[in-house]
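Chemist: Protein chains in written order, with my numbering: chain A, 1 to 344; chain B, 1001 to 1344; chain C, 2001 to 2344; chain D, 3001 to 3344.
Do not rely on the hints blindly, as some may be mistaken.
In silico SDA-like pairs for lysine to any residue, Cα to Cα no more than 25 Å straight-line [claimed, not checked]: (1) D:Lys-3122 with D:Met-3056; (2) A:Lys-89 with A:Ala-103; (3) C:Lys-2247 with D:Gly-3221; (4) C:Lys-2224 with D:Met-3056; (5) B:Lys-1260 with D:Thr-3245; (6) C:Lys-2270 with A:Asp-55; (7) C:Lys-2247 with D:Thr-3226; (8) C:Lys-2260 with D:Gly-3203; (9) A:Lys-224 with B:Pro-1248; (10) B:Lys-1101 with B:Gly-1111; (11) C:Lys-2003 with A:Arg-25; (12) D:Lys-3043 with A:Val-201; (13) A:Lys-160 with B:Gly-1111.
Residues of chain B placed beyond 10 Å of chain C at every Cβ, according to the derived structure [what the hints assert, rightly or not]: (14) Glu-1030; (15) Ala-1061; (16) Val-1082; (17) Pro-1083; (18) Lys-1101; (19) Gly-1111; (20) Arg-1136; (21) Ser-1187; (22) Asp-1193; (23) Leu-1217; (24) Ala-1251; (25) Thr-1296; (26) Leu-1299.
FYI, nobody ran anything at the bench for these hints, they're computed from the structure.
Where a beta carbon is used, it is the ideal one built from N, C-alpha and C, also for glycine.
Below, each chain spelled out in residue letters.
There are 4 protein chains.
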Amino acid sequence: MSKTKVGIINVTGYVGVELARLLCRHPYIELTSITGRSAAGQKIARVFPNLACLDMTIESALGDIDLVFSAMPHGESAAEIVPLLNAGKRVIDMSGDFRLKDAAEWQQWYGHAHPFPQMIAKAVYGIPELHAEEIRRTQLIANPGCYATGAILALAPAAKAGIIESDIIVDSKSGVSGAGRTLKLTSHFCEVDEDVCAYSVDGHRLMPEIVQEIGLLSSGGNPKITFMPHLIPMSRGILSTCYATIKPGTAGGNAREFVKNLYREFYADKPLVKVVEDPPHTKHVQGSNYTLIYPTVDLRTGKLIVLSVIDNLGKGAAGQAVQNMNVMLGLPETAGVDAPAMYP
Amino acid sequence: MSKTKVGIINVTGYVGVELARLLCRHPYIELTSITGRSAAGQKIARVFPNLACLDMTIESALGDIDLVFSAMPHGESAAEIVPLLNAGKRVIDMSGDFRLKDAAEWQQWYGHAHPFPQMIAKAVYGIPELHAEEIRRTQLIANPGCYATGAILALAPAAKAGIIESDIIVDSKSGVSGAGRTLKLTSHFCEVDEDVCAYSVDGHRLMPEIVQEIGLLSSGGNPKITFMPHLIPMSRGILSTCYATIKPGTAGGNAREFVKNLYREFYADKPLVKVVEDPPHTKHVQGSNYTLIYPTVDLRTGKLIVLSVIDNLGKGAAGQAVQNMNVMLGLPETAGVDAPAMYP
Amino acid sequence: MSKTKVGIINVTGYVGVELARLLCRHPYIELTSITGRSAAGQKIARVFPNLACLDMTIESALGDIDLVFSAMPHGESAAEIVPLLNAGKRVIDMSGDFRLKDAAEWQQWYGHAHPFPQMIAKAVYGIPELHAEEIRRTQLIANPGCYATGAILALAPAAKAGIIESDIIVDSKSGVSGAGRTLKLTSHFCEVDEDVCAYSVDGHRLMPEIVQEIGLLSSGGNPKITFMPHLIPMSRGILSTCYATIKPGTAGGNAREFVKNLYREFYADKPLVKVVEDPPHTKHVQGSNYTLIYPTVDLRTGKLIVLSVIDNLGKGAAGQAVQNMNVMLGLPETAGVDAPAMYP
Amino acid sequence: MSKTKVGIINVTGYVGVELARLLCRHPYIELTSITGRSAAGQKIARVFPNLACLDMTIESALGDIDLVFSAMPHGESAAEIVPLLNAGKRVIDMSGDFRLKDAAEWQQWYGHAHPFPQMIAKAVYGIPELHAEEIRRTQLIANPGCYATGAILALAPAAKAGIIESDIIVDSKSGVSGAGRTLKLTSHFCEVDEDVCAYSVDGHRLMPEIVQEIGLLSSGGNPKITFMPHLIPMSRGILSTCYATIKPGTAGGNAREFVKNLYREFYADKPLVKVVEDPPHTKHVQGSNYTLIYPTVDLRTGKLIVLSVIDNLGKGAAGQAVQNMNVMLGLPETAGVDAPAMYP
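Extracted from the complex, chain A is given alone in its bound form (with noise of 0.2 Å):
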């Protein structure tokens, strides 16, 4: 049986280098072909260096591909997908244009109309351990972004039970890839390097997606969410540090206990979600597709505190994007993204 044929568009950022690296040890499939703007023309083993062992040439427009990472910019990529939706490819968008389900919402925060409203309902939000049935009978996956997944992961399990009320913090703190290759003062290393910093208080446009995908899972409509990132001198990684009020009266006598429970329930079968013992550290998922989770409560105030580490190119985009390419093929889900993080 001939491999499915998978191709990677404009591979020359962040995202798009982590999926080919993935992609090119993946088992199962066969990465047939890269694109890139600027770099078509050139081997990618000369522009990523990393990749010394994969003979490709980055390509200006995609070959004979069955299923295609679209890797390009938020507001771009739809443009890009649509026809390729039409000739019936199967599509995984890493960028935000499918993950709003409210198109005015996403005018919102992305600045201009959806350009293909029409087209929002066939995308399926792409996290696996909670959407595994649609995902498997898509044809357009909405990859999520990347404080995204860590802050939905953190707090699904809490907002699927009810026992949060409804006003909750997430802080976040974020390498630097996350905000990509391009180049900005904010991005350079000597400004970055020895601070931290938050950034876009007045409203991220990341927050939405959270607000939707918790909300689709609690009863009471949606949740009020204080969302903070923060940039940290680090390259990959994102902690989510998430408070929210427990609900008198429902987590009981030992309430460390009992949250800690029901999170080892909810993802008692998800291979990729680990429930820690310790809080956990970024260093713990550096380069993996896993996700460290460890819940408490603050016994004096009655917080509920969830911590959650992924990796911001891995689980927060290329690897969760190949876990969904996994499920949607009907390939064993941990395909090509099993391998331990890196430590230290």
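Following the hints, put chains B, C and D in place on chain A, whose structure we already have.
Modeler: Frame of chain A; chains B, C and D shown alone:
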């Protein structure tokens, strides 16, 4: 007029060496004695070559001094200090031994009974922006904890004005020097580098300092503070992100302008605290004694969000201690601690 | 056919845990036993959460194995290994105990008499690119030192071709993980961060390995190598910058092309060594078993300059060890160690 | 007596802002005018919040000044400076425009003809430890390149004493701020972090400065210098590791003591250069104007090895420039640049 003779007990930790760095160039005092157990007898320039210009020998016992900084660890400092107080010396204690007014609370967080409970009332909690009058009159200053300084300065104006509910979250991100120079796995380069984690998730001993000081400023009794410290891969700096619900009806039409004005007025005559126009970076205060504060409001959720940055060894320790000394001795408040931050 | 059973002695250091990371996903062997003194009885996933997917317990003694990696410290490894050799097991020794052919030289650098001088001749110095034939036939592999691997691979083609004078300078820059997980001030985050220094300036014990191996390749006897290691603020990676004077008349017209061709030919059939077109970065080999080499000539001064990059825990330790195992067992040389480097 | 009025042209780069940091606290001069094209009209405290204490507006043109620092880029600085010189102002040029005495050499390295070759002879190469007399008498100082400063100070005593052969290797490791604040992929955080690389391997334009100055000190004509710069993941600091063969018979019995004494004597009365007892770290000079130098001998190979550390923005740029100004104006040499380094 002869200069005040100043000593440092335990100069060999990060707080001690930072005190030496500041004091050896202070225009109005004379650094005359430095002690350190492990390095006694050695030239400080050999142990700390950043002080190559300082020709002093580390001693095993204090020489003739008028005022001393004790950089002894928590629990050991009090015993060093009490004889000095009895001998009429002025003392600035860098440890937590005299920060909490309540000996029972102290025992709960430090793990044993307070060794000199009768001395607690003599100590002034040394934040000059809040307690300058008492600092002028005291013989003993309890120099605040690093996290506590950043959080208290961030919350003080709102607490004083009574515009926030009592349920407060302080999410702090700190560099590694706050954990000291002692060897531990959690300070090993390879464990911290490319990593972020939360720690002391079951309660950190600087939390009660924040509760105590914010409680003193609030009319409605003690606040309920959830405090979560995080370790990030940098040497110096603390960013505290503080969240509190604004009381209905308080902030009026333009809530963001309202809180900015409130903060600007509160710190109008404080030369070392700046209310800034943009979210601050820890790099902006690196190596300095400045605090930058940025208050804003999440208009969707009604949360006051205050960001503050300090250098944990500057305003969070040695810098504030020298500022306290200045106030105590009637010197210009900013003498020796007005150098701009090193950037980048 | 049953898989070879493999064990790791002392899994709890950085080399040990990297071996576990590679071996737990190796397609042709089975990792059956891992030992560690301090952590015996604990789940490895609790001690090293990057291995959250690996359900093994750290033992105090080796179980049933066919081949073992010893990650014991220098000087302690030999005593662990000799009984295993006597019991017919294959052994790959990560320590320096069997790397030097000359017991007197060993004593000079390791500070005491070699414990098993009679075993030295049994060991093969495990660089598969140079000694594959002997590796296939041996029972004991002395896995090379990290610095030595990078320098030897950089210099081998020139030494073999006899185009350089015997006076060689190797200036190496290493990440901190090479110093191990043991606590020392020189691995404290705040001491390494934002810093670079030279160390072991009076002589480093990996220097004689380089002299031995380059001497074996050279026709004219032992080279005179000045080796200077430097510590830089990163966890993984070694860049070696090697300088040697090109013998008059050897390199002909286009000296740069001449040496590039020489190097390309030397490594033409070595899948894990790439001669690259641009000066390489350690980031290009991060987490991988690849070596990138860039030879060039300073035309003004007639110096051959060779840059090589490896991951000190990959090709510089665990990766090369697994590659050695593959060759020793007749498996495909790159099995389990062909993953591209993580970037960025 | 009124203070000298000082200006900075192009304050918005890393060198410019470091000049502002030092000059705004200088005891004997007054910083009266700062210019910057992109940020003209803005408060410097808004653009560089580390200067929150400095109430100055960035201007589009220089105001009334007696002396000016030009932090314009190479090739653009000369045109700014010449009119100021003609108007009788003193000028310290941070660029490379007037460093090389030979206009043809300049053209070779800077890519076009020197715009004002007749002015070259007026400029003094501003290393006060070597050229104090000329600095006192000149109107124009060419402030040295960062790498050149570290290498020249490391080699000067040996070159002057004539104890080394002319074939010298300088292997330098620099922080990223040396590459400036301009955006480039090679300064992107994710490209530099966890990485080390060599660059400008075909020749770096600061090399001829080293050759020129070491040549002036040597009796035997120009040395043959192989210079290789490396970029390492830190913001500030340069470590230069210099290798040269000691001439037979020169260093006598105890070669290490011999060279240490030679270096100690050479720098005995230079307050900002320290010959140290242990291999120095760049962290020891971070944020300061000090140079630490450690000379030693590899007894096996007969090589002189000299390690020098500077802060590339301190002694490597702004600090040395202020020191030059002090000497030029007859002020105490260390005024405003004697602060100890920040550590850790």
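Chemist: All hints are to be evaluated individually against the structure, with a verdict given for each.
Modeler: These are the hints, each one checked on the structure:
{"no.": "1", "hint": "D:Lys-3122 with D:Met-3056", "result": "violated, 32 Å"}
{"no.": "2", "hint": "A:Lys-89 with A:Ala-103", "result": "holds, 24 Å"}
{"no.": "3", "hint": "C:Lys-2247 with D:Gly-3221", "result": "holds, 24 Å"}
{"no.": "4", "hint": "C:Lys-2224 with D:Met-3056", "result": "violated, 59 Å"}
{"no.": "5", "hint": "B:Lys-1260 with D:Thr-3245", "result": "violated, 65 Å"}
{"no.": "6", "hint": "C:Lys-2270 with A:Asp-55", "result": "holds, 15 Å"}
{"no.": "7", "hint": "C:Lys-2247 with D:Thr-3226", "result": "holds, 16 Å"}
{"no.": "8", "hint": "C:Lys-2260 with D:Gly-3203", "result": "holds, 18 Å"}
{"no.": "9", "hint": "A:Lys-224 with B:Pro-1248", "result": "holds, 16 Å"}
{"no.": "10", "hint": "B:Lys-1101 with B:Gly-1111", "result": "holds, 16 Å"}
{"no.": "11", "hint": "C:Lys-2003 with A:Arg-25", "result": "holds, 22 Å"}
{"no.": "12", "hint": "D:Lys-3043 with A:Val-201", "result": "holds, 23 Å"}
{"no.": "13", "hint": "A:Lys-160 with B:Gly-1111", "result": "violated, 39 Å"}
{"no.": "14", "hint": "Glu-1030", "result": "holds, 29 Å"}
{"no.": "15", "hint": "Ala-1061", "result": "holds, 25 Å"}
{"no.": "16", "hint": "Val-1082", "result": "holds, 31 Å"}
{"no.": "17", "hint": "Pro-1083", "result": "holds, 31 Å"}
{"no.": "18", "hint": "Lys-1101", "result": "holds, 32 Å"}
{"no.": "19", "hint": "Gly-1111", "result": "holds, 23 Å"}
{"no.": "20", "hint": "Arg-1136", "result": "holds, 35 Å"}
{"no.": "21", "hint": "Ser-1187", "result": "violated, 5 Å"}
{"no.": "22", "hint": "Asp-1193", "result": "violated, 5 Å"}
{"no.": "23", "hint": "Leu-1217", "result": "holds, 33 Å"}
{"no.": "24", "hint": "Ala-1251", "result": "holds, 41 Å"}
{"no.": "25", "hint": "Thr-1296", "result": "holds, 31 Å"}
{"no.": "26", "hint": "Leu-1299", "result": "holds, 36 Å"}
In terms of the numbered hints stated before, the structure departs from hints 1, 4, 5, 13, 21 and 22, listed from lowest to highest.
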